[in-house]
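Spelled out, the chains give:
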Amino acid sequence: MPATESRVSIKSDQDIVLARQQGRTMAADAGFSAVDSTLIATAISELARNIVTYAKTGEISVNAVAQNGRRGIMIVASDDGPGIADARQALRDGFSTSGSFGLGLPGVRRLMDEFVIVTGPGQGTTVTVTKWRQVRREK
Amino acid sequence: MEVPILKQGEFLIATIQAALSDADLEHLRMALIQRVVRFRSRAVIVDVTAMDVMDSFASRTLKEIAQMIRLRGAETVIVGIQPEVAFAMVQLGITLESVATALDLEEGLAYLGQRFRNFN
Chain C
8 MPATESRVSI KSDQDIVLAR QQGRTMAADA GFSAVDSTLI ATAISELARN
58 IVTYAKTGEI SVNAVAQNGR RGIMIVASDD GPGIADARQA LRDGFSTSGS
108 FGLGLPGVRR LMDEFVIVTG PGQGTTVTVT KWRQVRREK
Chain S
2 MEVPILKQGE FLIATIQAAL SDADLEHLRM ALIQRVVRFR SRAVIVDVTA
52 MDVMDSFASR TLKEIAQMIR LRGAETVIVG IQPEVAFAMV QLGITLESVA
102 TALDLEEGLA YLGQRFRNFN
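Quick mapping for you: the protein sequence lines, in order, are chains C and S.
First residue of the first sequence: 8, per the numbering used here; consecutive thereafter.
First residue of the second sequence: 2, per the numbering used here; consecutive thereafter.
I should point out that these hints are in silico values taken from the structure, not numbers from a laboratory.
What you are looking at is a predicted structure, and each value in this text was computed from that prediction instead of being measured.
We treat Cβ as the ideally placed atom computed from N, Cα and C, and that holds for glycine.
Any given hint could be a false lead.
Said to hold, decoys possible - Result set (BS3-like, lysine-lysine): computed pairs, CA atoms no more than 30 Å apart in a straight line:
#1 18/C - 63/C
#2 8/S - 18/C
#3 64/S - 8/S
#4 64/S - 63/C
As the list claims (entries may be wrong) - Residues on chain S that point at chain C, a partial pick, calculated with CB under 8 Å:
#5 24
#6 58
#7 112
#8 114
Unchecked claim - Now the stretches of chain S that chain C is said to cover, found in silico as 3 or more residues with beta-carbon under 8 Å:
#9 39-45
#10 76-82
Using the sequences plus the hints, can you model the full thing?
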């Protein structure tokens, strides 16, 4: 039985690689295609980099989940960093406060099926994203 | 994880062999620029076949490499972007419009060979 949860503590850019590799392995174990596993690994990479850039340290947890007979992968990226004052603005393409790319969160939202962000000034940031396995329709 | 850079006549070939950290990518950027200057190279091929993920940081660094190399009057070709990686890049909103790409190393060399023959 493959692991249903994996946690990676994010402290440096090396941990970004570790987190996305673990996520890819879990996605493949859960039966995701190579394309979807890469989408999940890319989302983890972006979320982990946000932690390193804005909060310095945090954690990525990757969970194998099931709902209504569907299997999925849920990623929780959490940190105790400065938080985001205007989450709505941070979800717009091209917005960045670090002078960097500014594609992070809107891009992650496009890669995944579900996206929830809980944040506020001084409250840290928790981003929870889920991708569900494509179910083949039978005719 | 150091990326080997091979000198092949007027070209340089950098072959990424595993997943790279941000620091590795920054190191590659510096190493390539230094060698382009030292060898007066006319073009650089970066083979990314082994890259597991091309996220915003990796794409931005590759774009910067290409821009710096262009300022030296040389050209960069990115080769070997895997189909699933390309799919994720498009979803993420990443474009490498300003950088030449080719299917693999062979196609990249053929592209450069043609280009420099036409300019001679």
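Identify whether the interface hint at residue 112/S stands, where standing means a beta carbon of chain C within less than 8 Å of its own.
Where the cut-off is 8 Å and the nearest Cβ of chain C is about 26 Å from residue 112/S, the hint is violated.
State whether the coverage of the segment 76-82 of chain S by chain C holds or is violated, taking the criterion as 3 or more residues with Cβ-Cβ distances under 8 Å.
Check failed, 0 qualifying residues.
Satisfaction of the residue 24/S interface hint, Cβ to chain C closer than 8 Å
6 Å, holds
Holds or violated: residue 64/S and residue 63/C, Cα atoms, limit 30 Å.
Within the cut-off at roughly 25 Å; holds.
Tell me whether the statement that chain C covers the segment 39-45 of chain S is true, taking a Cβ distance below 8 Å and needing three residues at minimum.
It is violated, with 0 qualifying residues against the three required.
Within 30 Å, alpha carbon to alpha carbon, are residue 64/S and residue 8/S?
21 Å, holds
Verify the proposed pairing of residue 18/C with residue 63/C, using a straight-line Cα cut of 30 Å.
It holds: about 6 Å lies between the C-alpha atoms, which stays within 30 Å.
Does the closest beta carbon of chain C sit nearer than 8 Å to the beta carbon of residue 114/S?
Cβ of residue 114/S sits 31 Å from chain C, so the hint is violated.
Interface restraint verdict for residue 58/S against chain C (beta-carbon cut-off 8 Å)
6 Å, holds
Does residue 18/C sit within 30 Å of residue 8/S, going by the straight-line distance between their CA atoms?
Distance of about 36 Å is beyond 30 Å: violated.
Checked against the numbered hints listed earlier, the structure breaks hints 2, 7, 8, 9, 10; every other hint is satisfied.
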